[in-house]
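Colleague: Heads up: the protein sequence lines correspond to chains A and B, in order. Our numbering puts the last residue of the first sequence at 1417; the count rises by one with no breaks. Our numbering puts the last residue of the second sequence at 1417; the count rises by one with no breaks.
Treat the hints as calculated values from the structure; they're not laboratory data.
Here are the simulated DSS-like cross-link-like pairs (lysine-lysine), alpha carbons at most 27 Å apart as the crow flies:
| hint | chain 1 | residue 1 | chain 2 | residue 2 |
| --- | --- | --- | --- | --- |
| 1 | A | K1167 | A | K1396 |
| 2 | A | K1395 | A | K1188 |
| 3 | B | K1252 | A | K1197 |
| 4 | A | K1396 | A | K1138 |
| 5 | A | K1138 | A | K1395 |
| 6 | B | K1138 | B | K1252 |
| 7 | B | K1197 | A | K1197 |
| 8 | A | K1282 | B | K1167 |
| 9 | A | K1106 | A | K1091 |
| 10 | A | K1167 | B | K1197 |
| 11 | A | K1219 | B | K1219 |
| 12 | B | K1167 | A | K1197 |
| 13 | B | K1282 | A | K1167 |
| 14 | A | K1107 | A | K1138 |
| 15 | A | K1143 | A | K1282 |
| 16 | A | K1400 | A | K1188 |
| 17 | B | K1282 | B | K1138 |
| 18 | A | K1380 | A | K1304 |
| 19 | A | K1107 | A | K1091 |
| 20 | A | K1143 | A | K1189 |
| 21 | B | K1396 | B | K1143 |
| 22 | B | K1167 | A | K1252 |
| 23 | B | K1396 | B | K1304 |
| 24 | A | K1252 | B | K1197 |
| 25 | A | K1143 | A | K1395 |
| 26 | A | K1106 | A | K1138 |
| 27 | B | K1252 | A | K1167 |
For clarity, every value in this text was computed on a predicted model and none was experimentally measured.
What follows is the residue order along each chain.
2 protein chains.
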Amino acid sequence: MTEKDALATTDHLQSQGHNDHPNQDMKVTPWEVEGEIDYDKLIEKFGTSLITPEILEKIKKITGELPHSLKVQYFFSHRDFDWILKKYENGENFYLYTGRGPSGMVHLGHLIPWIFTKYLQEKFGSRLLFQLTDDEKYLYRQHSIRKEIERYTYENILDIIAVGFDKKKTKIIVDSKHIQYLYPIATDIAKRITFSTAKSIFGFSNSTNIGMIGFPSIQAAPCFLPSLIERKPTPVLIPAAIDQDPYWRMTRDVAERLGYYKPAQIHSKFLPGLGMSAKMSSSKPETALFVSDDPETIDRKISSAFTGGQPTVALQRKLGGNAIGCPVFWYLRYFFDTSDESDERYLKCKTGNLLCGECKGDLSNDSQSFIIDFKKRREKAKDVIDEFMYDGEPYDR
Amino acid sequence: MTEKDALATTDHLQSQGHNDHPNQDMKVTPWEVEGEIDYDKLIEKFGTSLITPEILEKIKKITGELPHSLKVQYFFSHRDFDWILKKYENGENFYLYTGRGPSGMVHLGHLIPWIFTKYLQEKFGSRLLFQLTDDEKYLYRQHSIRKEIERYTYENILDIIAVGFDKKKTKIIVDSKHIQYLYPIATDIAKRITFSTAKSIFGFSNSTNIGMIGFPSIQAAPCFLPSLIERKPTPVLIPAAIDQDPYWRMTRDVAERLGYYKPAQIHSKFLPGLGMSAKMSSSKPETALFVSDDPETIDRKISSAFTGGQPTVALQRKLGGNAIGCPVFWYLRYFFDTSDESDERYLKCKTGNLLCGECKGDLSNDSQSFIIDFKKRREKAKDVIDEFMYDGEPYDR
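Pulled out of the complex, with its shape left as it was, chain A reads as follows (with noise of 0.2 Å):
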């Protein structure tokens, strides 16, 4: 198979989504994701931009190569990617801005977009900003306990650096921890945001805590912190999942008032949990590949999860599976497989030539050796928690 040919069948697997039947349940908000999502409506209803062949063209052009992420189109929406690039091509970088809510373990999910995220950065030697917003876990939740908090804090600060960042390029910040820091630029973007646009875009209500309505500015407030590091207004990407898209409008719509650039986003879809809901989630235990699992657990997860097989092997034969409904399909798919496998993996379960076992199988053994390794790796990210701490100082310099 061509890598055109690939890409026309990612583009079709695209438009279908994950599943054929229209969706009136779709909710997509910073703090839920629930229904089946559809992604082109997404894009419409939050007036971002579909990731075009151009924008891949020149990706591809400047770095060598298209990410993963890109090549499957999990990256697949943005807001002034294009503009990043261009002005990345006239000598001027940018910072990178992602961030986690500590509520839990991390799971694979998760990982996806920082993956991507160290992609750009060893591509183009960007600084980056993670912000743990530790401050709106605790608000978000009434019956929260503040010492979980800390501790999910200090282990998705493990995971964060076993992803592999460049220690010299990339700061963590820990809201409540570096509050000083996001403070006074939090303070300007919070006085240009009344209530009634923050109920608009959040859908806050009366009975919403008063830190909740203010915490859209601290997590605002690392856009805009690049800017006051470099001395001049800094270009900035946010690579997230578009769940959390919402934060970066109400930004873009401060940021020229207080003479900074808009931030850039590009938006990720969700991974599916293994149970065919919207997304895999932290709530749903079971249907998560979390990175602190033991390769027991991983088995057993994956063995009872939902796919799109036919009731017996006679039948997934002779009618071929639905690959298109099937997380697991979908896992490897996004997170495993090369595009390349993950096209031939569709067509052989579409004509009944490969049985579910087999994908479970696969996705089981590359879960358990990417898990074994991440461990790994997040041992050793317990001696250099110091390095990667922001302490309100130019670094990489």
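Starting from the structure of chain A, add chain B where the hints point.
Modeller: This is chain B only, laid out in the frame that chain A set:
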């Protein structure tokens, strides 16, 4: 006149308020004080308690003398002040906490609660936290300029130190500089206050910015900081003008749920403006005596002050003046006269034995010498700013 007589006169003055007509337009919020103030109604509206003769007796017993601000009922209302005194008698000391919004230079009206706070610090040996809400001042006005607020923050720090607080027992917190110490407590509080609640307490609307909506949790935070410093629930007493009471009402609502004591308050009135407006106001500079004014300016402002006098000397001699409606009288009573002197002035004015020029002369002389002296102390304050700044460590050990 015996002291008992004097207090009776004071009660009489008190019950009349500053003028005789009932007031429809009174507005008292942390951001606006408008109309003629009816303090009895405020106590009723805010649900606070009048300072009783029993409380005054107890203070006298503990401290040996009644401070001027209590003698003339400038501090007139409280919440749990009696509880604070009881705790003190049982060997448990309290922290004092008060603050200032650094939106301009300080006038004499601002100083009265600070001087009273200094008295409490001296007599009870209490530690004091003094908060400068530079963030709120920035957030409140759409066109506020950060540089200007930074300048006033510096000037106001000098004012605070010039009052003469005990260097060992006093720490100044500037919100934007010390946010890391306040933020964890502020999120604890904010999490427990819905927009509905904040709306009804502070009058927020859909057009309020999200920074202002979150801000009450920042002003509330120092109420609980002493408990963190002392590592046990620690009583806190807030001496401040009554317009700040909404913050403490909110704070008291969440205190016990967070394992702290409810902060106690002692509330002052407002010093009337020289134009007989509701309170001396920085936004009407001709009606206020600033500590930065030169002697000529003070003299000019007092010369053109509104008084309760008659149109001619002859009428004044014949009919007597209206001290109750005279800002010059109240200025002298609250700030410079002893309570005996003030009662005497009241009687002499009422009986036509005192002309407005004499009162204005007294006020001008007293203000000028106070301000000349205060400016000297402000100069000296420049050398000790660092020693007063909060640094997260226990102090006075």
